[in-house]
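As you go down the protein sequences, you meet chains A and B in turn.
Under this note's numbering, think of the first position of the first sequence as 878, with each following residue one higher.
Under this note's numbering, think of the first position of the second sequence as 2, with each following residue one higher.
Read the hints as simulated data drawn from the structure, not as lab findings.
You may find that some hints are simply not true.
27 Å max Cα-Cα, derived BS3-like pairs, lysine-lysine [stated by the list, open to error]:
{"no.": "1", "chain 1": "A", "residue 1": "1580", "chain 2": "B", "residue 2": "361"}
{"no.": "2", "chain 1": "A", "residue 1": "1578", "chain 2": "B", "residue 2": "422"}
{"no.": "3", "chain 1": "A", "residue 1": "1580", "chain 2": "B", "residue 2": "62"}
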Amino acid sequence: MAKTLLERMGIATLSQAKKETLVQMTILSVACILSFSVRLFSVLRFESVIHEFDPYFNYRTTKQLVENGYYEFHNWFDDRAWYPLGRIIGGTIYPGLMVTAAAVYNVFNFFNVTINIRNVCVFLAPMFSSFTVIVVYLLTKEVKSVGAGLVAASMIAIVPGYISRSVAGSYDNEGIAIFCMLLTYYTWIKASKTGSICWSLSCALAYFYMVSSWGGYVFLINLIPLHVLTLMITGRFSHRIYVAYCIMYSVGTILSMQIPFVGFAPVETSEHMAALGVFGLCQIYAFVTYLQANMSTTNFNVLFRTVVTIALAAAGLTFGVATFLGKIAPWTGRFYSLLDPSYAKNNIPIIASVSEHQPTTWASFYFDLQLLVFMFPVGLYYCFRELTDANIFVILYSITSIYFAGVMVRLMLVLAPIMCIMSGIGISTTLAIYMKNIESETPAAPSSKSGKKKASDYPIKSEIATVIVTVVSIFLTTFVFHCTWVTSEAYSSPSIVLAARGHDGNRIIFDDFREAYNWLKFNTPENAKVMSWWDYGYQLTAMANRTIIVDNNTWNNTHISRVGQAMASPEDHSYTIMKELDVDYVLVIFGGMSGYSSDDINKFLWMIRIGGSTPEGEHIKESDYYSSTGEYKVDKDASKAMHNSLMYKMCYYRFGEIMTEQGKPTGYDRVRNQEIGNKDFELDVVEEAFTSEHWIVRIYKVKDLSNRGTV
Amino acid sequence: MMRNLLLLVALATVATCRPRTLVILENVLTKETHSSFLADLGEKDTDITYKYATDSSLTIKKYGERVYDSIIVLAPSVAAFGNALTPTDFLDFVDAGGNLVMTASNKVGEPIREIAAEVGVEIDEAGTSVIDHMNYDITDEGDHDLIVAGDFTKTKVIVGESPAPVLFKGVGMAADPENPLVIDILKASQTAYSHSPDQDILEYPLAIGSSLLLVAGMQARNNARVVVFGSHDMISDAFYNAKTQTVMGGAQEAGNREFASAVTDWALKRNGDLRFGTVKHNKVGEAPSDVAYRITDDAEYSITIEEMQNGKWVPFQAKDVQMEFVRIDPFVRAFLVPDAAGVFKVAFKVPDVYGVFQFKVNYDRTGYTHLYSTTQVSVRPFRHTEYERFIPSAYPYYASAFSMMGGLIVFSFIFLYHQDKPKTE
């Protein structure tokens, strides 16, 4: 039957090479389609909207770009965000994502395919994940073989670690940045293999695209020099590498400096110094090799030692002076937290408060990568077995990224592709070895005709091969099921619409956010200023179109700290802060009623820490907010400062009258599993304006001063 | 359609009509005893309605809107208002922007006391009087409670240019120390105190000396004005026509009539009421527009302010009006210079800081309406085309860059096309 089908399609008559190409193309396109469609859970279950907090801002800027053109976007001064400081959008974002989306939109519309910009944004990440599949195939093919490439490509299509940031509706930088990063690696490997100027320039351009789309480009601009340096040390440095790196670095750096947000950082900050140093080292190395070829050995040695000593001293001195004069930017906090996981936690609350910046747990490695965790060392082993320039690159990539992924959950994203590549190599090589053994059993006679490797023959060779192939197949099957399950359950529930299962197993939808934002949009004056914790800033501006005090772009610590102080202080003190910031409405997220655990009371410790981290917030001490036994509580053991803070009062206002769970007293907080301690109180400086259906969003209006002067 | 038209007509009538004043009288006699005060009131361009305090048709609110602009209550000892009006109704009236004038006496009733307390003025207990053994009038009957008071507030807009001392016989008041809005219109002299004339002094009086208020005012945050006279008699015909003479000084005409008239003018917002009209701001030499300012632009700001003087809007003239350009803190604070038409102007340079700024005029002077105008504008940074193209101090760098480029081309030429001669020979 199958044969006849093949014959009917005319495939049987194709040559062997063409058949292979056909199979490859089929596998690759199926992987692409799969990678697109597996990311559509959230759209199918909910609707085609932007789902997360941060992407709302990207969506808003993209709209601006599409409506007003690039220059308006580039010069956009956003007076709705960060009231009253405002924010220069053009100079403080990586524009790659928006420009890509706008380009896609314009191309479609040019051909009269009328697709609206929201849908472009929603489906951009799945689309780019399809492109990533192709790039991973090409990259692995360069490093190992076509087979490994196909396995790696199929894996990257469904690996949860990557899906977590690229589902439909999560319109974030990472969605396209991973594609850009792998494209740069691919072109880099091509360039270093061929030494051609064309590939080096492609690499520089890919690097430029990467820089324009994600701050993670710093990883890339350190990894490539590291590769070059390793090649130099291992004596593999050649003219090909010299040409590739010099062109890539100089053109790439000049291009990257065209992004306003990056500016002069590539020549000033210490994160980029490694690349510059290696660039210099390349020149010296080439020059030294040239001298060595034209001088006698003794003369050369004398010259070499003198020059190296002087150069090292001069370099050290320059570095010291430049750092002292502030020419080289001090090591920034985010970078420190990469090297020392406890640095941020101890020093910069704002960085530590982001859950993405927490160290990764073992469980999440398995959750996000499953089978790959075990197959990764196998691939690494095969890479070490036959070292090439390209292999060294992927080895370096895998070792560095596994370290960084251990430091910060968010960098799991960088690890996922190399995990796929390594596992692809591992699985493909294993299967290639053992598949041959299975085949060798049936036609027993012809296999012995080569007779070269008698030593590799061992008893029950075929049985072992069968077992191994079966086991790998089972693993691969479970991997597919695991990935689909994780995608469906964990990464496709948008944070804008919450879903929970009721006790009868039905899906309950909490649409409180949009309910509240719409209330704000239609019931408050257009220039009303809304204060909330920064997590909700982007959404508020995009969905409610109101001016906000702080948002997710956490660039001004003092301003955020001021908001933290307002939330953590007693009412009368908060009032002066809110008046200073011209606040009209205050919005809090409260989960005690619905059981939504990432609410403001759980984030409150961060507000206290950040609020207390500036001189104005001296009165806020973290220890005051713990109970006498040193616990973070909301029940009657909670401290006085906790009970009197504005945040506590706003969250639990009138909550004491509510019965949340059967068999529990009124005012029972379902997140903290405590009965609140302060049930009966009135608000003096704010009044309740709106509470959403499940009490998740509560909005308060800041009262005016009393008209007749008496309180 | 017809109904809409009627509504429009009604609105038009309301808009053009004169301010409405309700005078609540204690009884029939009040019209006689206070005829001069009421006659003066009649000349103040206002439509007056008279009602008795216990009148069952007494209404101050209809369909949720106040139906008068001002209420004058000449009923100090009323125990309960007609039509079940409570003190809260009067306070709501003030909160809705209406003005209120009340008189008290040493037989002050509970409603008046409650209203006064809510506007930050505490009236002493019934039966007490303000007693002054040094500054009593010579016609006093022995209790020394008919006193001559002359410690007026310095705010001319309330009490007039140079008020003459007035005769006072009534109850003392004290300002609520928590309330910053109370104005001491007339204070008692250093030697006065508040107590019942017939009883021994066993406890400390409510207030003594100059903390004892005889006439108190309050301007609410919505600019509604309230005045409480401690004496119902001081605005009566008898006091209007009397002379003042203490044991110390010579006789002179009592200033009651002029004082009462000035204070009423203030209370009815015929004096000291400010309003602002057009607020304009623009870049120097350009027409006003909604477009954001750019940092270091030269900007102009102007605001038209008018003042109510004796019931007429005239251009306001003052030298102390300031404009602030605020982003949390004021970055620019400048005096506005008025012209003859009351247009206050200032030109200034926008600071070199971007953000959302407000033009803010916050003119808060005792006796005047609190003038508060904010206009929000954005100040944006330079666009990418607005920076200097060539910076003079960077010429050496330009030179080095271009010479480098030139050098590279020359070098490439030589490198590619030069051949060593000696080798060929």
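Structure-based check of each hint:
no.: 1; hint: A:1580 to B:361; in the structure: holds, 21 Å
no.: 2; hint: A:1578 to B:422; in the structure: violated, 89 Å
no.: 3; hint: A:1580 to B:62; in the structure: holds, 25 Å
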